[in-house]
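These protein sequence lines are chains C and A, in that order.
Just remember that the working numbering sits 143 ahead of the position in the first sequence, which is counted from 1.
Just remember that the working numbering sits 69 ahead of the position in the second sequence, which is counted from 1.
None of these hints come from the bench; they were simulated from the model.
Some hints here could point you the wrong way.
Stated by the list, open to error - Okay, derived cross-link-like pairs now, BS3-like style, lysine-lysine, Cα gap no bigger than 30 Å in a straight line:
hint: 1; chain 1: A; residue 1: Lys242; chain 2: C; residue 2: Lys197
hint: 2; chain 1: A; residue 1: Lys95; chain 2: C; residue 2: Lys195
hint: 3; chain 1: A; residue 1: Lys526; chain 2: A; residue 2: Lys486
hint: 4; chain 1: A; residue 1: Lys537; chain 2: A; residue 2: Lys496
hint: 5; chain 1: A; residue 1: Lys559; chain 2: C; residue 2: Lys202
hint: 6; chain 1: A; residue 1: Lys127; chain 2: A; residue 2: Lys139
hint: 7; chain 1: A; residue 1: Lys486; chain 2: A; residue 2: Lys543
hint: 8; chain 1: A; residue 1: Lys559; chain 2: C; residue 2: Lys215
hint: 9; chain 1: A; residue 1: Lys526; chain 2: A; residue 2: Lys543
hint: 10; chain 1: C; residue 1: Lys190; chain 2: A; residue 2: Lys242
hint: 11; chain 1: A; residue 1: Lys526; chain 2: A; residue 2: Lys537
hint: 12; chain 1: A; residue 1: Lys242; chain 2: C; residue 2: Lys195
hint: 13; chain 1: A; residue 1: Lys207; chain 2: A; residue 2: Lys242
hint: 14; chain 1: A; residue 1: Lys139; chain 2: A; residue 2: Lys178
hint: 15; chain 1: A; residue 1: Lys207; chain 2: C; residue 2: Lys202
As the list claims (entries may be wrong) - Label-pair ranges, simulated between beta-carbon atoms:
hint: 16; chain 1: A; residue 1: Lys207; chain 2: C; residue 2: His163; range: 21 to 29 Å
hint: 17; chain 1: A; residue 1: Gln367; chain 2: C; residue 2: Lys190; range: 19 to 27 Å
hint: 18; chain 1: A; residue 1: Glu299; chain 2: C; residue 2: Lys190; range: 47 to 55 Å
hint: 19; chain 1: C; residue 1: Thr147; chain 2: A; residue 2: Arg208; range: 16 to 24 Å
hint: 20; chain 1: A; residue 1: Ala274; chain 2: C; residue 2: Thr147; range: 23 to 31 Å
hint: 21; chain 1: A; residue 1: Ala198; chain 2: C; residue 2: Asp211; range: 40 to 48 Å
hint: 22; chain 1: A; residue 1: Ala264; chain 2: C; residue 2: Leu175; range: 51 to 59 Å
hint: 23; chain 1: A; residue 1: Glu319; chain 2: C; residue 2: Leu175; range: 32 to 40 Å
hint: 24; chain 1: A; residue 1: Leu389; chain 2: C; residue 2: Leu175; range: 48 to 56 Å
Nothing here was measured: the structure is a model prediction, and the numbers come from that model.
Built from N, CA and C at the ideal position, the CB exists for glycine as well.
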Amino acid sequence: MTETPVTEMTFEQAMRELEHVVGQLERGDVPLDDSIRLYERGAELKKRCEVKLKEAEEKVAAITLDADGEPKGTTPVDGL
Amino acid sequence: MDLIDDPVPGANEPEFTVSEISGAIKRAIEGEFGHVRIRGELGRVSRPRSGHVYLDLKDDRSVMSAVIWKGVAARLQVQPEEGMEVVATGRVTTFPGQSKYQLVIEELKPAGLGALMAMLETRRKALAAEGLFDEARKRPLPFLPEVIGVITSPSGAVIRDILHRLRDRCPRKVLLWPVAVQGERCAPEVARAIAGFNALSPGGAMPRPDLLIVARGGGSIEDLWGFNEEAVVRAAAASDIPLISAVGHETDTTLIDFASDRRAPTPTAAAEMAVPVRLELLSWLDGQAGRIRQAVGQGVLLRGQRLRDVARALPRAETLVEGPSQRLDAWGERLPQALLRGVERRKLHLSDMTGALRGGTLRRHLAEDRRRLQERSVQLVPAFSRGVTNRRSSLEKLDGRLSLRSISVDLTTKREKLQRISAQFAKAARYRQQELRDRLSSLDRLRETLGYRETLKRGYAVVRDGGKVVTTAKSASKALELEIEFSDDKVVVSPASKPQPRKKPPAPPPPEQGDLF
Chain C
144 MTETPVTEMT FEQAMRELEH VVGQLERGDV PLDDSIRLYE RGAELKKRCE VKLKEAEEKV
204 AAITLDADGE PKGTTPVDGL
Chain A
70 MDLIDDPVPG ANEPEFTVSE ISGAIKRAIE GEFGHVRIRG ELGRVSRPRS GHVYLDLKDD
130 RSVMSAVIWK GVAARLQVQP EEGMEVVATG RVTTFPGQSK YQLVIEELKP AGLGALMAML
190 ETRRKALAAE GLFDEARKRP LPFLPEVIGV ITSPSGAVIR DILHRLRDRC PRKVLLWPVA
250 VQGERCAPEV ARAIAGFNAL SPGGAMPRPD LLIVARGGGS IEDLWGFNEE AVVRAAAASD
310 IPLISAVGHE TDTTLIDFAS DRRAPTPTAA AEMAVPVRLE LLSWLDGQAG RIRQAVGQGV
370 LLRGQRLRDV ARALPRAETL VEGPSQRLDA WGERLPQALL RGVERRKLHL SDMTGALRGG
430 TLRRHLAEDR RRLQERSVQL VPAFSRGVTN RRSSLEKLDG RLSLRSISVD LTTKREKLQR
490 ISAQFAKAAR YRQQELRDRL SSLDRLRETL GYRETLKRGY AVVRDGGKVV TTAKSASKAL
550 ELEIEFSDDK VVVSPASKPQ PRKKPPAPPP PEQGDLF
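Looking at chain C on its own, in the form it has when it is part of the complex (with noise of 0.2 Å):
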C-alpha cells in the first residue's frame, strides 16, 4: 500500500488502490482483523473516487494575453 493519504490521492492512484483492495478481500486470505481494516479502506478510496468523479464540473476558459502575449487572465467562455 502507498503512503499517499486517501484524501490526497489523485484519481488514479485511489482507482489502483482500490483495485488492489479488492483482489486481496476476493482472495479471501485476510485475517479477519486486516479485512475488516481493508473494508474500511476501500469504502474511503470509493469515497475518493466519487469525489474526484463528481467534481469534474465543467468550466472552460479562455486565456487572455497582453500585449506581449504574455498570459494576465482568463475569461469564462459560454456558448460552445
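Got chain C sorted already, so can you dock chain A onto it with the hints?
Just chain A now, kept in the frame of chain C:
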C-alpha cells in the same frame, strides 16, 4: 513673320536620341531590379547550341522573358521544364536593340508541393537526428486529468468538437489558449502557448494543465504549415506536460505529430484520448464497492459457518473422561479375582510336577530299563554265531561247483578240431599250387610262340639302325650301318651302293603285330 512663335507645349524639353532614352531605361531598370525573386510557371524553354537556356516565366496574366547563361545552367540541380512551378532569382536587364527586357536567372528552384515536401522531409530528418522524436521521450497521458489546456483557434469547430466530446465523457476544467492556426503568426503563437502552459504553476489562478491538446481542423499543406515549423516542434518536444497533437485530418501528418506524446487523428479523438468515460468509471466504482461488500460478507459468513462447524465437532469435557473412567472401574473390579486365579493355577501346576517326582516311580523306571538291557544282551551271542554259520555254508556250496574236469574236456575237443582243419588246409594248398604251376607253363609256351624270335626261325630277319627298327627302304638307304638280326645271331652291314628296292630283303613285321595268327 511673327517674332513670337506660338508656344508649343513641351517644345523646349530636351530631346533624347533613341539610344539615350534606351540607355536611361536600362539604367533605371537595372538599378531598381538588380536582385529579384520571382515565382512563376515556366513557359516555353529553348536550348540553342550555345548552351544558354532561354525561357518564359509566366503567371495567369503576364509573361516575362528570361535567360540562364551557360555557366549558371550547368550548375542547376533541377533542369527547367515547361510547366514547372519555380522561384527564380536574378536581375532584370534590357535589350535596347529590340526594345525588350528580360530576367537573367542566377538561381532557379522548384516551388510548390513537391518542393515543400522535400523541405519537410529534410527538416524531419534533422529533428529526428536530434532525438526529438524518440520513443523514450514520450510520456504517458494522465488517466483523469484535472485541467486540460487546449491550444487552438477560439472560434471554429475544433474547440467546439473537443468541448462536446469532453462533456459527453467526463466534464473537465478546460483552459483555452487562443492562437492563429494558419499563416505566419501560427507557429510562433503555438510555440509560445505550449511554453506558456508549461510555465503556469499548479493550482494558481490560472491552474497549470496536466494535459495539453494542440488542435487544428483540416486544410491544405500550406494551411497546416505552421505545425511543421521548427519552433512548434521544439516547443512540443520540450513540454513537460503530456501533449496530444490533433492537426488536420487523419491523413495529414505534420512534424508536431512526431514530437507529441500521442497523435490523435481528429480533435474529437484527442478528447477521447484525454479522458475516460465518467459513467463507466462510476459504474466500475459501484462494482468495486459491491465486490468489497460481497467479499467481506462472504468472509464473515464463511467464518461463522466454520465456527459453528468446529463448535459442533468439539466434544464435551465429561465425554472425554467417561469412557476411560468406566474402563478403569471394570478393570479395577477384575483385578483381585484375577490375582487369586493366577495363584491357584500355578499351585495346581506345581503339585502336578511334584507328583511325578516320587521315589517309587523312579525305581520302577530303573528296573524296567535294566530288564530290557538284559534281554538284549542274551540275544546278542546266538545271533552272532548264526551269522557266521550262514556265511560258511554258502561258501561251501560255491566251492563244490568249482571243478577242472569240464575245462579239460573242452580243451581236448578244440585241439582235435584244430588238427582236422589244418590237414584240410594243407591239402587244399597243395592242389592250388599245382594248378597255378600248370597254368604258368602253358602261358610261357604261348609266349614263345607269339614272340618274333620264333618268326626268325622261319626265315625272317629284323633290320636295325642304331637300335631303331628300320621298316622302309627309304630309311634303310639313309643309314650308314645296318644291323640284321637272324634267328641265331646278328650281322652288321653297310649299304655301300644305292640300294635297289627290289633286292631289299622284305622288312620283317614289327614284333608286336598281332595278325600273324
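Now the hints, each set against the structure:
{"no.": "1", "hint": "A:Lys242 with C:Lys197", "verdict": "holds (13 Å)"}
{"no.": "2", "hint": "A:Lys95 with C:Lys195", "verdict": "violated (78 Å)"}
{"no.": "3", "hint": "A:Lys526 with A:Lys486", "verdict": "violated (59 Å)"}
{"no.": "4", "hint": "A:Lys537 with A:Lys496", "verdict": "violated (52 Å)"}
{"no.": "5", "hint": "A:Lys559 with C:Lys202", "verdict": "violated (176 Å)"}
{"no.": "6", "hint": "A:Lys127 with A:Lys139", "verdict": "holds (22 Å)"}
{"no.": "7", "hint": "A:Lys486 with A:Lys543", "verdict": "violated (76 Å)"}
{"no.": "8", "hint": "A:Lys559 with C:Lys215", "verdict": "violated (180 Å)"}
{"no.": "9", "hint": "A:Lys526 with A:Lys543", "verdict": "holds (26 Å)"}
{"no.": "10", "hint": "C:Lys190 with A:Lys242", "verdict": "holds (21 Å)"}
{"no.": "11", "hint": "A:Lys526 with A:Lys537", "verdict": "holds (21 Å)"}
{"no.": "12", "hint": "A:Lys242 with C:Lys195", "verdict": "holds (13 Å)"}
{"no.": "13", "hint": "A:Lys207 with A:Lys242", "verdict": "holds (24 Å)"}
{"no.": "14", "hint": "A:Lys139 with A:Lys178", "verdict": "holds (17 Å)"}
{"no.": "15", "hint": "A:Lys207 with C:Lys202", "verdict": "holds (28 Å)"}
{"no.": "16", "hint": "A:Lys207 with C:His163: 21 to 29 Å", "verdict": "holds (27 Å)"}
{"no.": "17", "hint": "A:Gln367 with C:Lys190: 19 to 27 Å", "verdict": "holds (22 Å)"}
{"no.": "18", "hint": "A:Glu299 with C:Lys190: 47 to 55 Å", "verdict": "holds (48 Å)"}
{"no.": "19", "hint": "C:Thr147 with A:Arg208: 16 to 24 Å", "verdict": "holds (20 Å)"}
{"no.": "20", "hint": "A:Ala274 with C:Thr147: 23 to 31 Å", "verdict": "holds (26 Å)"}
{"no.": "21", "hint": "A:Ala198 with C:Asp211: 40 to 48 Å", "verdict": "violated (34 Å)"}
{"no.": "22", "hint": "A:Ala264 with C:Leu175: 51 to 59 Å", "verdict": "holds (56 Å)"}
{"no.": "23", "hint": "A:Glu319 with C:Leu175: 32 to 40 Å", "verdict": "violated (56 Å)"}
{"no.": "24", "hint": "A:Leu389 with C:Leu175: 48 to 56 Å", "verdict": "violated (29 Å)"}
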